[in-house]
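2 protein chains.
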Amino acid sequence: MSTHALTLDAAAQDLLFREARTANAFTDEPVTDAQLRAVYDLVKYGPTAFNQSPLRVVLVRTPEARQRLVAHMDEGNRAKTAAAPLVAILAADNEFHAELPSLLPHFPQAADLFFAERPVREQSALLNAALQAAYFIVGVRAAGLAAGPMTGLDFAGVQKEFLDEDHTPLMVVNIGRPGENAWYPRSPRLDYDQVVTTV
Amino acid sequence: MSTHALTLDAAAQDLLFREARTANAFTDEPVTDAQLRAVYDLVKYGPTAFNQSPLRVVLVRTPEARQRLVAHMDEGNRAKTAAAPLVAILAADNEFHAELPSLLPHFPQAADLFFAERPVREQSALLNAALQAAYFIVGVRAAGLAAGPMTGLDFAGVQKEFLDEDHTPLMVVNIGRPGENAWYPRSPRLDYDQVVTTV
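Here the protein sequences come in this chain order: A and B.
full-length UniProt numbering numbers the first residue of the first sequence as 1 and each following residue consecutively.
full-length UniProt numbering numbers the first residue of the second sequence as 1 and each following residue consecutively.
With the rest of the complex left out, here is chain A (with noise of 0.2 angstroms):
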C-alpha cells in the first residue's frame, strides 16, 4: 500500500478506488434525485477541453423506459438492468459548442475558433464525455452507492431509442447500494511497469 504517500485520506481511498467495486446486484434501496444532484454539483469541477462539458445523462426512471432500454442491452447485463434502483444513460452531446459562450466566458471565440466543424466536435466530445464518465463513476462512489457501468449493448439502438443524432452514447451505468454477490473477485492490475516508461 502507498497510502502514505497520498494526501487524501485512507477512508476516501477506499471509497473511491480501493474498495469500491463494480457491482453487478443491487438492494432495493431506491437512488433519489437529490442524490444524482450531489453527485452532479461535485463531479461538474472534474476538468475537460475548454470547459467544454459535453457529458449528458438520461436517468432511465419508469418501468416502460427501463424495459425499452433492457431490450437493448446485450443478454449477460439484461436481468442487472432491470433490477438495479437506477439506471443512467451517459452519453456525448456533439453540439456542445452551443454552450461553449457561456461555458467560456473569457475566450468567446472558441466556439468558432476550434469547434465549427463536426468531426472535430465529434472526437473531442467523445474524449471529453469519457473523462466526465470516470469522474461521474467515482461521483456515484462518493455518495457511498455502487457503480455498475457497462458497454455490453446496442449503441446505435440506444442512441435511436432514447437519444438523437447529436448525442452519442458512450455506456449505461447501473447505480445502487451493492446487494448480495454484488462482484466478483477483484482482477489483477497492470504493474507500474508495465504502464509508467520514462523518457
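Please note: incorrect hints may appear among the correct ones.
Pair ranges (Cβ atoms, derived) [as the list claims (entries may be wrong)]: (1) Glu180(B) / Gln67(A): 20 to 30 angstroms; (2) Asp164(B) / Pro119(A): 37 to 47 angstroms; (3) Pro108(B) / Lys160(A): 32 to 42 angstroms; (4) Glu117(A) / Glu122(B): 16 to 26 angstroms; (5) Ala11(A) / Asp164(B): 38 to 48 angstroms.
Residues of chain B placed beyond 10 angstroms of chain A at every Cβ, according to the derived structure [claimed, not checked]: (6) Asp9; (7) Ala12; (8) Asp33; (9) Ala38; (10) Arg78; (11) Pro85; (12) Ala111; (13) Tyr135; (14) Gln159; (15) Asn181.
Partial pick of chain A residues on the chain B-facing surface, computed with a CB cut under 7 angstroms [said to hold, decoys possible]: (16) Leu8; (17) Val60; (18) Tyr192.
The hints are simulated quantities; they were obtained by calculation from the structure and are not laboratory data.
Just so it is clear, the structure is predicted and the values come from calculations on it, not from any experiment.
Ideal Cβ positions, reconstructed from N, Cα and C, are used throughout, including at glycine.
For chain A, the structure is supplied; the task is to place chain B on it using the hints.
Coordinates of chain B only, in the frame set by chain A:
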C-alpha cells in the same frame, strides 16, 4: 453545497473536485517517481470494460525529451510544458488485448471473442483509456498535486516522436505543486437540469 448528501468527506471533495483546479504554473518542487507510483497504485483500480486497462503513460523527464515534446505543443501550451516539474503523455494501447488473458483470468476467451479486430480495439481503447486518464487526473490531485491536462498539441507529432502506431496519444498532463497565478478564475458549469433528463 450538497456536501451533506455525500459519503466522501468535505476535505476530500475539496481536494479532488471543488478546490482542485487545472494549473498553468508550478513551483520548482520535483514530482518523484514514488509519488507517481502512489498515484498509479490508487487509480489502477478504477473500472474499465473487461478490465482492459489500456492506459499507458510516458513520463517526460530528461531536458532533451522535454524539448522534443514542447516542440509539438500548441504555442499557448509551450511555456508551461517546458517549466512543469513533470510532464506525462497519456496514451491508449490499441493492442491491450495481449494483456487481457492475465487481466481477466476468469474469461480468457474475451480477447478472441470481442477484440479480434483492430478497429474494435481502437474504439474500446480510446474510451477506456480516457476513463483511466480521468482517474489519473483525480489521482494526481489525491497526491496533493495539481494537474494541467492539455489537448492543444500535434497528436501525430507526439505519437511519432514518443510512441508507435499501436499507441494513440490522448493528452499531455503537466504535474506539480501550483505556483503563483496558477489558474484562471473558475469558469461556470452547466446546471444539473441542463445535463440530466429523466425518462
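We went through each hint and held it up to the structure:
1. Glu180(B) / Gln67(A): 20 to 30 angstroms: violated, 57 angstroms
2. Asp164(B) / Pro119(A): 37 to 47 angstroms: violated, 25 angstroms
3. Pro108(B) / Lys160(A): 32 to 42 angstroms: holds, 34 angstroms
4. Glu117(A) / Glu122(B): 16 to 26 angstroms: holds, 21 angstroms
5. Ala11(A) / Asp164(B): 38 to 48 angstroms: holds, 41 angstroms
6. Asp9: Given that some Cβ of chain A is not farther than 10 angstroms from that of Asp9(B), nearest at about 6 angstroms, it is violated.
7. Ala12: violated, 4 angstroms
8. Asp33: Answer for Asp33(B): violated, closest chain A Cβ roughly 8 angstroms.
9. Ala38: violated, 3 angstroms
10. Arg78: holds, 17 angstroms
11. Pro85: holds, 14 angstroms
12. Ala111: holds, 14 angstroms
13. Tyr135: The claim breaks: Tyr135(B) does not keep its Cβ more than 10 angstroms from every Cβ of chain A (closest is about 6 angstroms).
14. Gln159: holds, 14 angstroms
15. Asn181: holds, 14 angstroms
16. Leu8: At 4 angstroms from the nearest chain B Cβ, Leu8(A) passes the 7 angstroms test, so the hint holds.
17. Val60: At 6 angstroms from the nearest chain B Cβ, Val60(A) passes the 7 angstroms test, so the hint holds.
18. Tyr192: holds, 5 angstroms
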